[in-house]
Amino acid sequence: MLVLERGKNVTHPDYPTDTHHPWQFDHRGKLTQEDRERCHIQVRHYSIGEDNKHFYVNDLENPYTELKRYDWIRGDVVGGRSLLWAG
2 MLVLERGKNV
12 THPDYPTDTH
22 HPWQFDHRGK
32 LTQEDRERCH
42 IQVRHYSIGE
52 DNKHFYVNDL
62 ENPYTELKRY
72 DWIRGDVVGG
82 RSLLWAG
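Numbered according to my numbering, the sequence shown terminates at residue 88, and the numbering increases by one at each position without gaps.
Just to be clear, a hint being listed does not mean it is correct.
Unchecked claim - List of simulated lysine-lysine pairs, DSSO-like, C-alpha gap at most 30 Å: (1) K9 x K31; (2) K69 x K54; (3) K69 x K31; (4) K31 x K54; (5) K9 x K54.
Note that these hints are calculated values from the structure, not bench results.
Let's have the full structure, built from the sequences with the hints guiding it.
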């Protein structure tokens, strides 16, 4: 097995939206159409939202070829996806 990590090492208080309430986001936590186009693969997963989109890879800048559908959900943080889902 091989694990590669990339991105910023996230430590508290590097969660810029951690204490925000849903009504404090411009789109109430939902992604804009521009966000959906930028992260067109990442949006296949339930975990990406307005509150944590900054932790995900930009699919346009980091493409990969899908011969068959493959949902490669990639965070741009060191520490794993638990930072995305529970941070």
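The hints, checked one at a time:
1. K9 x K31: Holds: K9 and K31 sit about 24 Å apart, inside 30 Å.
2. K69 x K54: holds (25 Å)
3. K69 x K31: holds (28 Å)
4. K31 x K54: holds (10 Å)
5. K9 x K54: The hint holds at about 14 Å.
Of the numbered hints listed earlier, not one is contradicted by the structure.
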